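Put chain B on the given structure of chain A with help from the hints.
Protein chains: 2
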Amino acid sequence: MSNEEARSAGDLRNTGLSLRHDRTWDYELDRIVDEVERKDAEKVGLQFPEGLKRRGPAVADDLRARLDDTRIMLSGQPCYGACDLDTYLMRRTDVFVHFGHSPMKESDSIIYVPLFSNVDVEPIMQEARDELHDGDVGLVTTAQHMNQFEEMRTWLEERGYTVHTRRGDDRLTNEGQVLGCNYASADIDADQVLYVGGGKFHPLGLAMEHPEKNVVIADPVNNAVSIADAEQFLKERYASVHKAMDAEQWGVIFCTKIGQGRFDQAEEIVENNDNAYLITMDEVTPDRLMNFDMDAFVNTGCPRITTDDGPQFHKPMLTPGEYEIAVGNKPLEDLSFDTFHGTW
Amino acid sequence: MSNEEARSAGDLRNTGLSLRHDRTWDYELDRIVDEVERKDAEKVGLQFPEGLKRRGPAVADDLRARLDDTRIMLSGQPCYGACDLDTYLMRRTDVFVHFGHSPMKESDSIIYVPLFSNVDVEPIMQEARDELHDGDVGLVTTAQHMNQFEEMRTWLEERGYTVHTRRGDDRLTNEGQVLGCNYASADIDADQVLYVGGGKFHPLGLAMEHPEKNVVIADPVNNAVSIADAEQFLKERYASVHKAMDAEQWGVIFCTKIGQGRFDQAEEIVENNDNAYLITMDEVTPDRLMNFDMDAFVNTGCPRITTDDGPQFHKPMLTPGEYEIAVGNKPLEDLSFDTFHGTW
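Order-wise, the sequence lines are chains A and B. Residue numbers are given in the working numbering: position 201 of the first sequence equals residue 388, and the series is strictly consecutive. Residue numbers are given in the working numbering: position 311 of the second sequence equals residue 498, and the series is strictly consecutive.
If we strip away everything but chain A, and leave its shape as in the complex, we get:
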């Protein structure tokens, strides 16, 4: 796999929400209208993930047709997860709707509309059986397919598999759900995991987090079966760690996004290294870091920015765990995927 393929495979945008074919989503307009009327709301904020932002105007039209004197505001902030709420818009609207992600933390101020997929997963699961051995299998999926999770489990059990599932931790709403940064639901007693969902973003993270497990991808969106191969990513991680070993001046990034803050971790690094500087930002991009004259960066925010976008930064960008290796506090063998736990 080339660098470019690896990046595109793990690209944050390539998460199954940006679809090649058109699809009808259920925007749950009734629920939104009810909430607007209940609260007598004047301002309604809508936040969509990147791949669905272009549906915003049509949803706004549908709402305006049913609501008088209600101002609809679309969030133009980048959004890659429920960790990534547009808090500015949320605080300035009476009803705030976050589409496409399951709740990371329930709140009366937010309506989460999950946007479940209506694609039939069974044909691709059937195809994926060629890659599974009999017996124990873990089962995970994303928010978009959670509505069919029990059917998936039953379908596998009817074919003789012993299906292992877990709820994971606080960050995950549902049993069997994975996030790009959290695979606690795959901490199960099986050497193979079936991932049902679109894109390679999630299963690649899963394969990095659980290198001992065979991760079979049944992708009903692109209608393809494959095995998640984290090797290219791991090579890139080792290369970045090695490059950063010579670094003197470190930029330690504290991400200000509501669900991506690990302040204690960032602060601990800075307190123990006189050549480390705390930098706060919301979007962590190559452009923004270019302005800082650092030898290397540690990102305490979204680990997927570090692993997937890493090669695009002008200087090595490490996860907190990788930083400990680079500065010699831990052995190279400790290199592992940086998962994110808790909410806010």
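Treat the hints as calculated values from the structure; they're not laboratory data. Wrong hints could be hidden among the right ones.
Same chains, same label: a pair holds when it works inside one copy or across any pair of copies.
Below 25 Å or equal to it, Euclidean Cα-Cα: the simulated SDA-like pairs (lysine to any residue) are [claimed, not checked]:
no., residue 1, residue 2
1, Lys-400, Gln-313
2, Lys-430, Gln-499
3, Lys-230, Gln-452
4, Lys-400, Asp-374
5, Lys-230, Glu-455
6, Lys-230, Asp-461
7, Lys-292, Leu-216
8, Lys-230, Glu-454
9, Lys-230, Pro-507
10, Lys-230, Asn-462
11, Lys-292, Tyr-275
12, Lys-226, Glu-454
13, Lys-502, Gly-238
14, Lys-502, Asp-474
15, Lys-502, Thr-472
16, Lys-230, Ser-296
17, Lys-430, Arg-242
18, Lys-430, Asp-213
19, Lys-292, Arg-278
20, Lys-230, Thr-341
Keep in mind the model is a prediction, meaning the values are calculated, not measured.
Quick look at chain B alone, frame taken from chain A:
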């Protein structure tokens, strides 16, 4: 002038703060240390403009050497003006220092360190006299050279000029000061204006705002004299307005940056156009707008994004005034530079 030259000439980064040669700035450390001690501050936030972000670590080091148990945090958010405070960092630190811009609005929560230039302006002013006729001349400069404004005035008066200066409006701290978005200080009774300062960003805006005046640039940073020529910019503006005349679906951008909000203006457009949608964001970038399936955009935030970065957006991007022309509410002759007034 090619598109590329025009863009680089007006580039937001090219404002004289990003210097080719090294320069010693006065970071006013004593003032910061005094304030930290007075407030018994635990957390200090530092915000630098883009061209000076790389000085952040050295300033942090100097402060850490003088202060015990104080955490220094550097803002990694893009920053192009005093309109652009990192309010997240400001609200979470006991002392917040904004470098490189004069106050748009005084506040006890903010220490503004202007970073005055120590470059000698007289040699380049002498050279600029070749481009000035005798008699009346307006004089303007930027925050970086305000400390020498009275010397500039005296120098011109001693050479027989009648010097016209103005304070401008609330958005401007000082007499004779211009901002990239506000040239009220050049509303003076003279057909020529001498701009003393680095870069072409400010004088090009000035020439757009006052097309009837000859704007002579005396640039002591790059040691060059020239005449501000807004023609290329104006051509681009006309082209954008023409392209947008066919637009059906409009994205109306409300910028959430503290000093760039014109909500009433944005709302008025949306209320009077069923095919207009309000989009909220902080950084207005081509990437972010790419996700929205609009035919054209109106930007109620920073006018320099519209005029200077305009050609980089995938769809026409207009100022509110240009929008009125594109939809037929006003004649083409009304096209003018979009200046920004007031604070927040």
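inquiry  = Tell me the numbers of any earlier hints that the structure contravenes, in ascending order.
reply    = 18, 20
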